[in-house]
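Novice: Residue-level listing of the chains:
2 protein chains.
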Amino acid sequence: METTPARERAAEREHDRERDADRAALAERAARLDASDPLAPVRDLFTLPGGDGGDSGGPGGGIDAVYLDGNSLGALPTHLPERLRDVVTRQWGSLGIRSWGESGWWTAPERVGDRIAPLVGAGPGTVVVSDSTSVNVFKALVAGTRLVAQDRDEIVVDATTFPTDGYIAESAARLTGKRLVPVDPADVPRAVGPRTAVALVNHVDFRTGRLHDLPGITAAVHEAGAIAAWDLCHSAGALPVGLAEHGVDLAFGCTYKFLNGGPGAPAFIYVAERHQGRFDSPLPGWNSHADPFAMSSAYAAGEGAVRGRVGTPDILSLLAVDAALDVWDHEAVTVAAVRDKSLALTDFFLDCVAAYAPPGRVASLTPAAHAERGSQVALRCAEAPDVMEALIARGVVGDLRRPDILRFGFTPLYVGFAHAERAARVLAGVLAEVGA
Amino acid sequence: METTPARERAAEREHDRERDADRAALAERAARLDASDPLAPVRDLFTLPGGDGGDSGGPGGGIDAVYLDGNSLGALPTHLPERLRDVVTRQWGSLGIRSWGESGWWTAPERVGDRIAPLVGAGPGTVVVSDSTSVNVFKALVAGTRLVAQDRDEIVVDATTFPTDGYIAESAARLTGKRLVPVDPADVPRAVGPRTAVALVNHVDFRTGRLHDLPGITAAVHEAGAIAAWDLCHSAGALPVGLAEHGVDLAFGCTYKFLNGGPGAPAFIYVAERHQGRFDSPLPGWNSHADPFAMSSAYAAGEGAVRGRVGTPDILSLLAVDAALDVWDHEAVTVAAVRDKSLALTDFFLDCVAAYAPPGRVASLTPAAHAERGSQVALRCAEAPDVMEALIARGVVGDLRRPDILRFGFTPLYVGFAHAERAARVLAGVLAEVGA
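As you go down the protein sequences, you meet chains B and W in turn.
For the first sequence, our numbering gives the first residue as 1, with consecutive numbering after it.
For the second sequence, our numbering gives the first residue as 1, with consecutive numbering after it.
FYI, nobody ran anything at the bench for these hints, they're computed from the structure.
Don't take each hint at face value.
[Claimed, not checked] Far from chain B, some chain W residues (derived; all Cβ distances over 12 angstroms): (1) P5; (2) R23; (3) R111; (4) G123; (5) D187; (6) E245; (7) G277; (8) D326; (9) E331; (10) V335; (11) F348; (12) G360; (13) G429.
[Said to hold, decoys possible] Now the stretches of chain B that chain W is said to cover, found in silico as 3 or more residues with beta-carbon under 8 angstroms: (14) 123 to 133; (15) 398 to 412.
[Stated by the list, open to error] Examples of chain W residues lying across from chain B (beta carbon under 10 angstroms, computed): (16) G50; (17) S134; (18) A172; (19) P282; (20) H289; (21) A294; (22) L400.
The beta carbon of each residue, even a glycine, is placed where N, CA and C say it ideally should be.
Kindly generate the complete structure, drawing on both the sequences and the hints.
Specialist: Right, dumping it as structure tokens:
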């Protein structure tokens with residue numbers, strides 16, 4: 001009869017064998033998935049941040065790092081610096097003000113908006129790039145209240161939304177004399193009614209990665225006679241949105257996550273064609289005027305997407321977004337292909353985490369159902385701050401949402417299955433060391 | 001006795017001699033002024049737009065062109081492209097999100113604001129760079145109305161201001177339930193009273209170049225118990241503003257004119273220290289939160305200049321502004337030196353125009369008194385559109401304000417006296433051809 005220590009050693013050996021078999025199987029599955037990935041060649045279009053202090057940057061620099069923070073800051077398209085250099089040195093430096101016409105600066109907000117439109121299922125002339133997401137929340141909410149009867153005195157807002165949306169909604173409610181009604185997104189259909197002016201929902205929960213039911217919620221908001229406004233920060237460039245198909249009224253989102261436009265790049269705003277003529281912006285800057293260069297003291301709103309503009313467009317950042325969008329011209333890159341790979345990647349990552357991570361240490365907050373999942377995986381972990389710090393030190397770059405969420409964004413354009421496997425493996429190693 | 005034609009020929013010869021003598025004298029005066037100009041070496045820090053299609057760009061490219069449109073778009077500081085390349089390739093490309101801390105991205109709006117502060121006579125911690133001028137007009141006006149008793153129900157606005165200020169003021173008035181009172185800047189002291197909440201004045205008239213009396217108007221606004229808000233777009237970097245000295249409450253301005261920050265670069269907003277604790281922004285985005293990364297659903301305003309922020313800062317454009325401000329670190333560059341040269345340049349240009357231009361064809365709208373002059377010369381001319389087109393074709397780049405204003409901006413950092421003389425000479429030649 002074996003002694004207890006001997007039985008423990010046997011169990012340990014068995015566990016090691018299983019783990020090694022798991023690893024081999026998962027590594028093989030990763031290799032197979034990467035080999036058949038139609039988006040694999042697209043990765044060469046990006047310069048990925050290194051996890052080791054940045055010295056490994058450059059086209060080949062991402063080999064050792066796994067960048068899972070594209071849902072915070074998209075990676076650099078490799079051709080972008082040269083494009084921006086031309087904007088700075090030739091367009092600004094040599095042509096100067098002539099570039100407002102000759103280099104297409106003046107109309108760039110609409111032109112770049114028209115490149116984003118198909119990625120969110122919007123028609124041409126309905127999207128403009130201007131200001132920050134927060135400023136666009138304000139435009140959408142105040143203008144939204146002006147599209148309905150004034151006795152509608154409530155603004156319903158996603159209580160789980162990214163905080164800035166809630167802060168700005170509160171300000172919009174205060175300035176328009178409406179009452180703010182924060183509710184869980186799932187409860188929006190029950191919360192909207194004859195008093196609702198606008199309902200604002202975030203398409204993907206920034207903490208959990210949960211994808212909300214845009215068609216269903218929009219239909220319920222319309223049923224109540226209200227305006228549906230959507231925050232697309234975590235869905236634009238990550239999954240099909242279908243703004244026109246689902247009849248969304250107003251929407252906005254950033255360009256620096258899945259659209260890779262650069263840190264703090266200007267955001268976009270969508271106004272459905274049927275509302276454009278009555279879109280009454282609370283920020284009617286001269287760029288939204290029907291004839292800006294008449295310099296008239298009387299305001300007259302321009303026609304179409306231009307009504308979403310305010311001041312002079314931020315050309316350097318805006319044309320960086322323009323350059324970043326070139327990636328979507330690659331023949332393999334479609335929103336459908338991106339979505340397919342995103343779901344496969346997050347499925348696979350969850351499988352790897354389940355296989356590798358010590359039991360009970362992390363729990364996924366991201367829904368298992370594809371229809372409810374954005375392009376990230378959020379893991380609850382008691383030691384999240386220490387774990388994320390250790391992960392980043394080992395070249396697996398995700399981010400932390402205080403107090404206890406490890407967030408891993410999967411950008412299918414430059415993240416592969418081997419990265420997902422490696423990230424889970426490094427995570428398991430870190431968990432074994434931190435707080436064990 | 002001479003025949004009439006002979007007398008005419010003699011008069012013509014006399015006129016030609018006078019003109020040639022004038023030219024020689026003015027060219028000599030230009031050479032003397034350039035030789036003793038302490039800012040002359042600073043011009044080498046800029047790449048000036050060419051007037052011939054941009055091919056003459058580059059450090060030596062401005063020799064044949066005269067760039068008098070720095071009050072619309074400042075010229076490119078030559079070192080800026082390399083700085084921006086580093087921001088893009090190393091900070092974004094290699095470091096990625098780590099740059100929010102390691103490269104100082106998160107605090108850049110305050111840091112760059114602190115570099116602008118001394119140029120407008122403001123103390124540290126009172127200026128932040130964020131959003132467009134138009135958006136900052138909105139913040140200042142709405143927050144301004146919240147700094148005074150709510151029975152003050154009027155917003156007094158400069159009726160001659162750049163249009164966007166008026167459009168936004170109208171929106172701010174509508175949302176806060178105030179009445180908009182547009183008046184000529186000179187009438188502001190008489191227009192303000194116990195009903196005035198805020199008075200908004202543009203420091204320099206964008207059409208005429210008239211400099212308004214900031215100390216006097218501010219004092220009158222304060223006498224009435226109201227808030228004084230100033231638009232510094234055409235004075236920041238061009239002349240002493242003295243925000244703190246004159247007790248200005250709120251101010252804002254762009255960075256792409258005399259601060260050379262690049263096309264559409266983010267604007268700045270100033271909140272006097274005594275108001276910061278009560279500055280209640282209508283755009284309380286997450287970047288103005290006391291603890292943004294707590295991601296709290298309850299808004300709590302941060303302390304100090306940060307309250308002027310809204311969404312994620314536009315890093316590429318913001319750090320271009322940061323680089324552009326390096327020019328002010330040059331030992332010769334002070335606001336006083338810039339102002340001295342600006343007045344000398346505009347005086348000299350007006351002298352040259354008076355000497356060269358055919359009589360009665362142009363009339364200066366810019367005040368002769370130094371205390372009333374910004375850093376531009378505006379000439380009324382019936383054929384202004386054709387004249388400006390011809391000027392630009394001949395390498396003298398000013399701009400047109402419809403219907404009949406030729407606008408010439410003088411940026412002392414890169415415009416010299418010989419440029420002024422040449423611009424006036426080319427203008428005279430164009431006037432002789434166009435509409436003569």
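Novice: For each hint, tell me whether it holds in the structure or not.
Specialist: Here is what the structure says about each hint:
With a cut of 12 angstroms on Cβ distances, P5 (chain W) stays outside the contact zone with chain B, its closest approach being about 46 angstroms. Non-interface status of R23 (chain W) relative to chain B is upheld: no Cβ of that chain comes within 12 angstroms, the nearest being about 28 angstroms off. Residue placement check: R111 (chain W) keeps its beta carbon more than 12 angstroms from all beta carbons of chain B (closest about 15 angstroms). Listed as a non-interface residue, G123 (chain W) keeps its Cβ farther than 12 angstroms from every Cβ of chain B; the least gap is roughly 26 angstroms.
With a least CB separation of 15 angstroms from chain B, D187 (chain W) remains clear of the 12 angstroms interface cut-off, as annotated. No Cβ of chain B approaches the Cβ of E245 (chain W) within 12 angstroms, the least distance being about 28 angstroms, so the stated non-interface status holds. With a minimum CB-CB distance of about 18 angstroms to chain B, G277 (chain W) clears the 12 angstroms threshold, and the non-interface call stands. A cut-off of 12 angstroms between C-beta atoms confirms that D326 (chain W) is not in contact with chain B; the least separation is 15 angstroms.
The Cβ of E331 (chain W) sits about 25 angstroms from the closest Cβ of chain B, beyond the 12 angstroms cut-off, so the non-interface label holds. Here V335 (chain W) stays apart from chain B, with its beta-carbon at least about 24 angstroms from theirs, past the 12 angstroms limit. For F348 (chain W), the non-interface assignment is confirmed: its Cβ lies about 23 angstroms from the closest Cβ of chain B, beyond the 12 angstroms cut-off. For G360 (chain W), the non-interface assignment is confirmed: its Cβ lies about 26 angstroms from the closest Cβ of chain B, beyond the 12 angstroms cut-off.
Every beta carbon of chain B lies more than 12 angstroms from that of G429 (chain W), the smallest distance being close to 21 angstroms; the non-interface claim holds. Against chain W, the region 123 to 133 of chain B contributes 3 residues with a C-beta closer than 8 angstroms to a partner C-beta. That satisfies the three-residue criterion, and the hint holds. For the region 398 to 412 of chain B, the stated coverage by chain W holds: 3 residues have a C-beta nearer than 8 angstroms to a C-beta of that chain, and at least 3 were required. For G50 (chain W), the shortest C-beta to C-beta distance to chain B is roughly 6 angstroms, which falls under 10 angstroms, so the interface hint holds.
Because the smallest distance between the Cβ of S134 (chain W) and any Cβ of chain B comes to about 3 angstroms, under 10 angstroms, the interface hint for this residue holds. Hint status for A172 (chain W) relative to chain B: holds, with the closest Cβ pair at about 9 angstroms, below 10 angstroms. Here the hint on P282 (chain W) is kept, as its CB sits about 5 angstroms from the closest CB of chain B, short of 10 angstroms. A hinted interface residue such as H289 (chain W) counts as satisfied when its beta carbon comes closer than 10 angstroms to some beta carbon of chain B; here the least separation is about 7 angstroms, so the hint holds.
Taking 10 angstroms as the C-beta cut-off, the interface hint given for A294 (chain W) holds, the closest approach to chain B being about 6 angstroms. A least Cβ separation of about 9 angstroms between L400 (chain W) and chain B falls short of the 10 angstroms threshold, and the interface hint therefore holds.
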